[in-house]
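Undergrad: Given the coordinates of chain A, assemble chain U onto it according to the supplied hints.
As you go down the protein sequences, you meet chains A and U in turn.
62 is the number of the first residue of the first sequence in the working numbering; add one for each residue after it.
62 is the number of the first residue of the second sequence in the working numbering; add one for each residue after it.
I should point out that these hints are in silico values taken from the structure, not numbers from a laboratory.
None of the values given here were measured: they were computed from a predicted structure.
Each hint should be verified, as a subset may be incorrect.
It does not matter which identical chain is used: a pair holds within one copy or between any two.
[What the hints assert, rightly or not] Mimicking DSS-like on lysine-lysine, the simulated pairs with C-alpha atoms at most 27 Å apart in a straight line are: (1) Lys333 to Lys141; (2) Lys407 to Lys313; (3) Lys158 to Lys123.
What follows is the residue order along each chain.
Protein chains: 2
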Amino acid sequence: MHTENLHHGLNLVGRVVTPKITLPILSNVLLSTDEGRLKLSVTDLEIGINIWIGAKIEKPGKITLPAKIFSEFVSSCNDKKIDLEQTDFKIDLKSEKYSATLQGTAADDFPLIPEISEKPTCAISGKILEEAIPQVVSATAMDETRPVLSGVCFKFIKDKLKLVATDSYRLAEKTIPLEKAVGKDYSVIVPLKAVSEIGRILGAVSSENVQVSVSENQIRFAINEDIEVISRLIEGNFPDYEQIIPTKYTAKVKINFEDLQSALKIASLFAKESANNIKIKLKAPNQMIISARAEQIGTSKASAAAEITGSDLEVSFNAKFIFDGMSALKKGKINFDFSGNLSPAKLYLEDSKDYFYIIMPLRTEE
Amino acid sequence: MHTENLHHGLNLVGRVVTPKITLPILSNVLLSTDEGRLKLSVTDLEIGINIWIGAKIEKPGKITLPAKIFSEFVSSCNDKKIDLEQTDFKIDLKSEKYSATLQGTAADDFPLIPEISEKPTCAISGKILEEAIPQVVSATAMDETRPVLSGVCFKFIKDKLKLVATDSYRLAEKTIPLEKAVGKDYSVIVPLKAVSEIGRILGAVSSENVQVSVSENQIRFAINEDIEVISRLIEGNFPDYEQIIPTKYTAKVKINFEDLQSALKIASLFAKESANNIKIKLKAPNQMIISARAEQIGTSKASAAAEITGSDLEVSFNAKFIFDGMSALKKGKINFDFSGNLSPAKLYLEDSKDYFYIIMPLRTEE
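Just chain A, same shape as in the assembly:
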C-alpha cells in the first residue's frame, strides 16, 4: 500500500495508544483486513478509534502490533510503497530499501470497541466543529472531583448545537449550526480527551461533515467515510449554568487583543507566585491598569488603552483564565464586560453572538 496513507492513518490513531503500563495490549494497534481495506483500531478503554486505509489485500488477516515502533518505522520509511505480510503472530514490513519483522499478538486479545447501531441523529460541518472545539476545551475541569465538569456538554437544540464547558471558575459556550435539525432535543457530556481527539483529527483531515450517533452510554463521531471515534459518555447532569451568566454589567470595556495581552503578560510575570492573581482597575473613559505583586521580589503596573463605560471598578482575576478565554477569541477588538468585584465578567467579540467566555473574579482580602 502507499506508505504515506499508512503513515497518515497511524498518526491519526497514535495519541489514543496508551504507554505500556497497566494493560500492555493497549499500547498496540489492531490491524485487520476489512472488505478490501486495512482497518486500524486503537482504544484506551474510554475512547476507540477505527480508521480504514485503501490497500491491495492479497490475503485476509488480523494481528495486533506494538504501535509506537510500527508507526516510527513507517514514518521513517521514505520509500513510496510498503508491503505487510503476516505469518502467525509476526508481520514482515517490506519496502524497496527497508525491511523489518515485528512481533505481534493475537487479534482476539484486543479489547472490543463498542459498535453503535443507532442511526446518526445529526450532521455537523467538520470545519465549524474543528474551530469550535479549541474555544471550549480550555474551560474543562482538569481534576475529576466532579466528573460532569471533566467533559464538554453537547446540547442539541433543534438546528443548533451548543458546546459548553466549565470548571466552575470559568465557562465557555459556543453555538454552532446543525446541517439538519434534530428530531428531539437532547444533551450528553463527552470526555475532554475524546473531544480533543476529534479536534485533532479534524485538523489533520479535511472533512465535509461529521455524523453523530448516540446510544445509551456511548457516542460515535463518523468523520468522512473512513474514520470513526467512539467514546463513552459521562453520566450525570451538567450544571444549570445559564443562571450564573450576569444579565447586567456595571462596566464595559472594549480593547484591542494585543493591548490586553501585553498588559496581562507583564502582570503575569509578577503573579506567578500568587496563583496568577492580578488586579484590574477601571476608570471611564479610558484608564485600565493591570497590577500584580510578587512577595519579596517586587510589583508591576501595566496600563492598556481601552474604551470604558460604566462605573469605576477594582477586581482580581486568575490571569491564566483570561488568557485562556482570549486564546479562543484569537484577534481583533475584544469586549470585556464586568458585573462587580464578586460577580462574573464576560469576554466576547463585538460582532459574534455565537461565543462567550465567563470568568469568576478572585476574592481578595484587601
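TA: Then chain U, alone, in the frame of chain A:
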C-alpha cells in the same frame, strides 16, 4: 535606554544565571554604570560574562537584580525606551505603558569575576569560530570522571587553532586559521559550558573577531568591544589522541548524507533498548546494510546506496555517535572510512581537510 538593547544584553547573559539553589546571588545579574555605559555581569563561579550596553547615565549606581523576572519584564515590554532608577536596594523600571519595582541586593555581595591582565595572544574570526564550535562539542564527555575530557582542547600552533574533543568513544578535531600566528604554541582545556556559551553568543551577535587572552588558570574571550566571557581552565593534560587515529583503512565508503541518515534512523528505532547498538555490513562495490534488533519486538534491515572499496566488513557502532558526527558535516557526500571491526572509523567530507570525526566500534559477542 533602548529596551531592545537591554533585552538583547539580558538574553546574552541569561543562560549563565544559575537557578536559586545553593548560592541565591548567582541567580541575580549585577548592574553597574561604567564610563557612560551600563554593564551587566553574571557568573556561575566557573564562567563569568560581562556585557556593556549603550545608555544615557544620569547618575552612577550599582545593584544586583533577580535576573529571571528582570529579563522577562524587559522582554515583555513593547515600549521603545525604558528607564532604570535606583533607590537604595530597589530599582524602578519605567516605560511608557509599564512600570515595575524590583527588590535587589547590594552589588558588593556579588562574586568577583576575575580580571585577566594578560594581553590577547591571538584573534580568531568570529564567524569561523561560531561554525567550528558545534562541530566538536558533541564529542565532549558528559560525565566528569576524567575532567580533562569534559572540555574542549584549544591547541594554538603557529597560525592555526585546533579544537579537539573526545569522550574516549569518539573524537572530533577541527582546524581553523588564526588571524596572526601566536608567538609561542600552547594548549588549554576550556570547559564545555564556556565553549557552548561562546558559540551561542557568536550566533546571536555578528562578530568580526574574537580576542583570546590566557592567564595561569583563566581564559578570556573578548567579542567585539562589548562582550567578554571569562572561564576557568581545566587543569591536566589532554590525551595524546593522535596515536589512535588510524593510518590505514580496510574499507572506504562514499555515501550521500540523506541516504546514510535514513538508513541509520530506521536501525536506531530498533536499537533503542540495546544502547543504540547497530550493525553495519559492507560489501564492495555498493552493498551497505545497517541492521538492528530489539528484544521481543523485532528486527530491521536498511540498505543504503553507497560506493564501497576495500574488503568486506561487519562492524557495530553506537548509532548516536554516528549521528553526532554527521550533524557536524551537515550535508553532501560523506566519507566513512573503516579500519576493521575493533578499530576506529572516520567520518569526513570529501574536500575538507580541516575536520574529521573518529568513532570507536562496539565490541559484540556474535
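Undergrad: Each hint should be assessed against the structure and marked as holding or not.
TA: Each hint, compared with the structure:
1. Within a single copy, Lys333 and Lys141 get their C-alpha atoms only as close as 50 Å, which misses the 27 Å cut-off; across copies the closest is 26 Å, which meets it.
2. Taking identical chains as interchangeable, the C-alpha atoms of Lys407 and Lys313 lie at most 27 Å apart only when both belong to the same chain, with a minimum of 10 Å there against 70 Å between chains.
3. When the C-alpha separation of Lys158 and Lys123 is checked against a cutoff of 27 Å, the pair qualifies only within one copy, where the shortest distance is 25 Å, while the shortest distance between copies is 65 Å.
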